[in-house]
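Engineer: Chain residues, written in single-letter form:
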Amino acid sequence: MERRLSLIRGEATARDGVDADALLRSVARGDEQAFTRLYDLVIVRVYGLVRRVVRDPAQAEEVTQEILVEVWRTATRFDPSKGSATAWIFTIAHRRAVDRVRSEQAATDRIKRLAPEATQTGHDEVVDAATSHLERAQVRRCLHGLTELQKEAITLAYYGGYTYSEVAKLLGAALPTIKTRMRDGLIRLRDCLGVVMAS
Amino acid sequence: MTDVHALSGAFVLDALDERERASFSQHMETCESCSIEVAELRETAARLADDVWSVPPPRMREAVLARVATTRQEPPLRSSRASRGPRPHRPSWRHRTTMALVTASIVGLASLSGVLVVRNQQISDERARIDAVLSAPDTMLRIGMLTNGGHINVAMSPSRDAAVVWLAQAQSFGKSQAYQVWKLDDGRAASAGVMPAGKGDAMLYVSGLSGTDAIAVTVEPSGGSPQPSGQPKGQVSLTA
Numbered sequence: 010m011e012r013r014l015s016l017i018r019g020e021a022t023a024r025d026g027v028d029a030d031a032l033l034r035s036v037a038r039g040d041e042q043a044f045t046r047l048y049d050l051v052i053v054r055v056y057g058l059v060r061r062v063v064r065d066p067a068q069a070e071e072v073t074q075e076i077l078v079e080v081w082r083t084a085t086r087f088d089p090s091k092g093s094a095t096a097w098i099f100t101i102a103h104r105r106a107v108d109r110v111r112s113e114q115a116a117t118d119r120i121k122r123l124a125p126e127a128t129q130t131g132h133d134e135v136v137d138a139a140t141s142h143l144e145r146a147q148v149r150r151c152l153h154g155l156t157e158l159q160k161e162a163i164t165l166a167y168y169g170g171y172t173y174s175e176v177a178k179l180l181g182a183a184l185p186t187i188k189t190r191m192r193d194g195l196i197r198l199r200d201c202l203g204v205v206m207a208s
Numbered sequence: 173m174t175d176v177h178a179l180s181g182a183f184v185l186d187a188l189d190e191r192e193r194a195s196f197s198q199h200m201e202t203c204e205s206c207s208i209e210v211a212e213l214r215e216t217a218a219r220l221a222d223d224v225w226s227v228p229p230p231r232m233r234e235a236v237l238a239r240v241a242t243t244r245q246e247p248p249l250r251s252s253r254a255s256r257g258p259r260p261h262r263p264s265w266r267h268r269t270t271m272a273l274v275t276a277s278i279v280g281l282a283s284l285s286g287v288l289v290v291r292n293q294q295i296s297d298e299r300a301r302i303d304a305v306l307s308a309p310d311t312m313l314r315i316g317m318l319t320n321g322g323h324i325n326v327a328m329s330p331s332r333d334a335a336v337v338w339l340a341q342a343q344s345f346g347k348s349q350a351y352q353v354w355k356l357d358d359g360r361a362a363s364a365g366v367m368p369a370g371k372g373d374a375m376l377y378v379s380g381l382s383g384t385d386a387i388a389v390t391v392e393p394s395g396g397s398p399q400p401s402g403q404p405k406g407q408v409s410l411t412a
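The listed protein sequences derive, respectively, from chains X and Z. Per this note's numbering, the first sequence starts with residue 10, numbered consecutively. Per this note's numbering, the second sequence starts with residue 173, numbered consecutively.
Here chain Z stands alone, though its shape is the one from the complex:
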């Protein structure tokens, strides 16, 4: 009966009310062509998510993994059959770069939590400040490219008047150079901290953002400079 059959599109889009949904599900059990159509339209609808990308707050990863570690999985359904043989699929390079970038920032954050293992009270305070920014309800993540590869991430919380800055996939140097982070106010630069020499994967807590319209990063002699000695390698606007 074509009337129920015609609901496949709305069904796949979750656009049916509960009653219609139930009746269509029931119909599908006896209609093989409907099941195939629904399977195909589901694959199709899932592709609509290709066009909506949003980087979640980095804390989400840890939160989900923590819940997963304490959540029991359901037993398989009796009717479910194990798959046999490999299914054809095309290895894809298309999103590799993007995923690497996005993942790197998330992974970067997670692994930095490891870097920031509490060694003394000072570090512990820093960690608490960083956590406070990352878990603030108004924290937003902004990302800028670095001219020498990799990117700069700024997680900023207006309510806390603070940000956390870290680099991902940034080039590393010898011990003589370091990344230095700057607060820019109308072209004037004030140092917001220096990363450990040679490394770009540390996380810096930056407070006092009023008047700051951008965060920039330069490469300086290790220990930092009073003023940027060259053009920024990367910059993220806080006002745009």
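Looking at chain X on its own, in the form it has when it is part of the complex:
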């Protein structure tokens, strides 16, 4: 792909006055301090996502560590012309979380454990009190703008870690329908969030 893509809007990278892209590029040059800052920038979302998909806290912790180490190890392969650092990191994170639940499912002798409510961290009230949580609100609002089937298909796949054939089974819908709803739902979400890649 010769065209250089740049993200015009919808970039969820700039937080706390630092830019994940710049940090990740420093990390690629072996800068451990930049890695520490990047860690602090993304960890609650990475761990939150992994917890959501994997559910078991001990496993979520293990997977999250693997993800962060992989970010360090492969930062050299991050190509800013292909997307933001945040998207790159969460692509790795989601993939690893999903890999874990799928290998878990294959191990039939394991008892599936759901994280009990009590082990949820109690940070929500702090987060809610301390932030205007514009972005969270935006994501929620945009999710509400989807059809029920689009929303279910996307959230079951992303947060639940299900394949689209599993999602189809869960929703009692045809495979091609689910495939299509995932795509047009994400496209609608993209437009709502204002994510645009331009050449």
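Just so you know, these hints were derived from the structure itself, not from any lab. Check each hint, because a few of them may be wrong.
Said to hold, decoys possible - Covered stretches of chain X, going by a simulated chain Z footprint (3 or more residues, C-beta under 8 Å):
| hint | segment |
| --- | --- |
| 1 | 34-42 |
| 2 | 72-85 |
| 3 | 99-110 |
| 4 | 188-202 |
What the hints assert, rightly or not - To give a feel for the contact side, a few chain X residues facing chain Z, derived at Cβ under 8 Å:
| hint | residue |
| --- | --- |
| 5 | Thr-45 |
| 6 | Ile-52 |
| 7 | Tyr-56 |
| 8 | Gly-57 |
| 9 | Arg-60 |
| 10 | Ser-93 |
| 11 | Ala-96 |
| 12 | Val-148 |
| 13 | Leu-155 |
| 14 | Thr-156 |
| 15 | Leu-158 |
| 16 | Ala-166 |
| 17 | Tyr-171 |
| 18 | Thr-172 |
| 19 | Tyr-173 |
Said to hold, decoys possible - Once the Cα atoms are required to be at most 20 Å apart in a straight line, the calculated EDC-like pairs of lysine to aspartate or glutamate come out as:
| hint | chain 1 | residue 1 | chain 2 | residue 2 |
| --- | --- | --- | --- | --- |
| 20 | X | Lys-160 | X | Glu-175 |
| 21 | X | Lys-91 | Z | Glu-204 |
| 22 | X | Lys-160 | Z | Asp-223 |
| 23 | X | Lys-178 | Z | Glu-192 |
| 24 | X | Lys-178 | X | Glu-161 |
| 25 | X | Lys-91 | Z | Glu-246 |
| 26 | X | Lys-91 | X | Glu-79 |
| 27 | X | Lys-91 | Z | Glu-201 |
| 28 | X | Lys-178 | Z | Asp-189 |
| 29 | X | Lys-178 | Z | Glu-190 |
| 30 | X | Lys-160 | X | Asp-200 |
| 31 | X | Lys-91 | X | Asp-200 |
| 32 | X | Lys-160 | X | Asp-193 |
| 33 | X | Lys-178 | X | Glu-157 |
Every value quoted in this text rests on a predicted model; they were computed, and no experiment measured them. Even for Gly, the Cβ is constructed at its ideal location relative to N, Cα and C.
Based on the hints, put chain Z in the right spot on chain X.
Structural biologist: Only chain Z this time, still in chain X's reference frame:
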């Protein structure tokens, strides 16, 4: 061919099986519009993580940084091109406060490990007890706001019947006052320890939690008081 093309959404959501995933990846190599669409949908999917926040156990930070220090990075891919020029981005204040809070608790813990550098056997024992709580498999972190700014963190392990309490971004005082931590049992307060005078960034090990339904912190004369002399500055429920 639109059939493969239509898999972009499921691809981005990691919802394809391995075979479809491979075939879609292959398709993308020759389909520029697919690559752009996938890039955009990836940015979109990453935003779904905005809505899932969870504070990891504080020990994770040290563990990851230790591994990073001993892990070699891979060489860059030959096809990868270095970026040129600054990319447009919007500085954002939106999560600054939250990140500062969350980071502060994590950083607080990490730096406290430094504070707690072993000076003598007593401190070393304390450190071991703190580590034991922080690394217990059932440890959960609860956070409460302080009325005078900052917050109180309680990492509690039911299996160890113990907790570690520390404050983050708490107001500091002169040497005449100190933060005191209390175990609350049905309204009755028992002292769980006093922070060093003037400072809120020490870490206290608190054991014997049975019957304790909340941890509270007050400001007292340095050295502490037998009973809280005022309303708690912050409180964290252990039962909710």
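Engineer: Can you list which hints this structure breaks, lowest number first?
Structural biologist: 13, 14, 15
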